[in-house]
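J.: Sequence:
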Amino acid sequence: ASAVEAEGQKVVLPLDAPISHHGGLFVLKGNLAPNGCVVKLKGDEPQYHKGRARVFEREEDAMRAVQNQLIVAGDVVVIRYEGPTGGPGMREMLGVTAALVGQGLGQSVALITDGRFSGGTRGLMIGHVAPEAMVGGTIALVQEGDIIEIDVANRRISLLVDDFELEERRAKWVAPKPHYTSGVMAKYAKLVKQADDGAVTNA
Numbered sequence: 310a311s312a313v314e315a316e317g318q319k320v321v322l323p324l325d326a327p328i329s330h331h332g333g334l335f336v337l338k339g340n341l342a343p344n345g346c347v348v349k350l351k352g353d354e355p356q357y358h359k360g361r362a363r364v365f366e367r368e369e370d371a372m373r374a375v376q377n378q379l380i381v382a383g384d385v386v387v388i389r390y391e392g393p394t395g396g397p398g399m400r401e402m403l404g405v406t407a408a409l410v411g412q413g414l415g416q417s418v419a420l421i422t423d424g425r426f427s428g429g430t431r432g433l434m435i436g437h438v439a440p441e442a443m444v445g446g447t448i449a450l451v452q453e454g455d456i457i458e459i460d461v462a463n464r465r466i467s468l469l470v471d472d473f474e475l476e477e478r479r480a481k482w483v484a485p486k487p488h489y490t491s492g493v494m495a496k497y498a499k500l501v502k503q504a505d506d507g508a509v510t511n512a
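Convert by adding 309 to the 1-based position in the sequence shown; the result is the number in the working numbering.
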C-alpha cells in the first residue's frame with residue numbers, strides 16, 4: 310500500500326513557523342558560574358528554581374543520598390570536583406539524574422555540577438560549571454543549605470550569599486588532594502583547560 314501524508318504534516322518547518330523560537334541549549338552565568346554553565350531543556354522542564362543546596366564532593370556520594378531518599382522536592386543537588394581537572398576528565402553525571410527521575414523528582418529537584426551530562430538528561434540539570442571547584446571556582450564555596458537561584462529565562466544562576474561571606478570562604482578554601490599525582494592522568498589534569506575553553510589540552 311502506498312503511504313499517504315497527513316494534511317499539514319511537516320518535516321522541515323519554515324523559518325517563519327519554527328517548532329521553537331530558540332534551541333534547547335542555554336548558557337547561564339552568575340556568581341556561581343562566572344564563566345558560564347550549560348543547561349539542556351527539551352521544553353517541559355521548569356524554567357525557574359530556587360532551593361537549598363545539597364552538597365556532594367563526588368558523584369557516588371550524591372547517588373547514595375538519592376538512593377537513601379535524602380533528597381526532597383525543592384532541593385538543589387550540587388556535585389563538585391568532577392570537572393576537567395578535578396575528575397579528572399569531567400565524568401558524566403547521568404546516573405544521578407536518572408535516579409532523581411526514577412523517584413519522581415525530575416521536575417522538582419535541580420542538579421548543578423562541574424561535570425558533564427549526556428544528551429539523555431531530563432529535568433533542570435546544569436553542567437559544565439566554570440570555573441570548576443578544583444581550581445577554586447565559586448562552586449567550591451557552596452555550603453550545605455545555601456540558597457541557589459536558577460533563572461533560565463534571564464540566563465542567570467546565582468548563589469544567594471553576599472560577597473563578603475564568599476570572600477571569607479574563599480580565603481579559607483584549600484584545594485583537595487588530586488586523585489592522581491603521577492602518570493598520564495596527573496599530566497592531563499595539569500594541562501586540561503576549563504569547560505568554557507572546551508576542556509581540551511594543548512600538549
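In short, the hints are calculated from the structure, not lab data. One or more of the hints may lead you astray.
[To be verified] No more than 27 Å apart at the CA atoms, straight line, and that leaves these computed lysine-lysine pairs for DSS-like:
no.	residue 1	residue 2
1	Lys502	Lys338
2	Lys349	Lys502
3	Lys499	Lys481
4	Lys349	Lys338
5	Lys338	Lys499
6	Lys486	Lys502
7	Lys486	Lys499
8	Lys486	Lys496
9	Lys481	Lys349
10	Lys359	Lys349
J.: With reference to the structure, classify each hint as holding or not holding.
T.: Structure-based check of each hint:
1. Lys502 <-> Lys338: Since the Cα atoms of Lys502 and Lys338 sit roughly 19 Å apart, the hinted pair holds (cutoff 27 Å).
2. Lys349 <-> Lys502: 22 Å, holds
3. Lys499 <-> Lys481: Holds. Lys499 to Lys481 sits at ~23 Å (cutoff 27 Å).
4. Lys349 <-> Lys338: OK: Lys349 and Lys338 at ~14 Å, within 27 Å.
5. Lys338 <-> Lys499: Holds, at about 25 Å.
6. Lys486 <-> Lys502: 19 Å, holds
7. Lys486 <-> Lys499: 13 Å, holds
8. Lys486 <-> Lys496: Holds - the C-alpha atoms of Lys496 and Lys486 are around 15 Å apart, at most 27 Å.
9. Lys481 <-> Lys349: Violated: Lys481 and Lys349 sit about 34 Å apart, past 27 Å.
10. Lys359 <-> Lys349: 18 Å, holds
Violated hint for the displayed structure: number 9, the only one.
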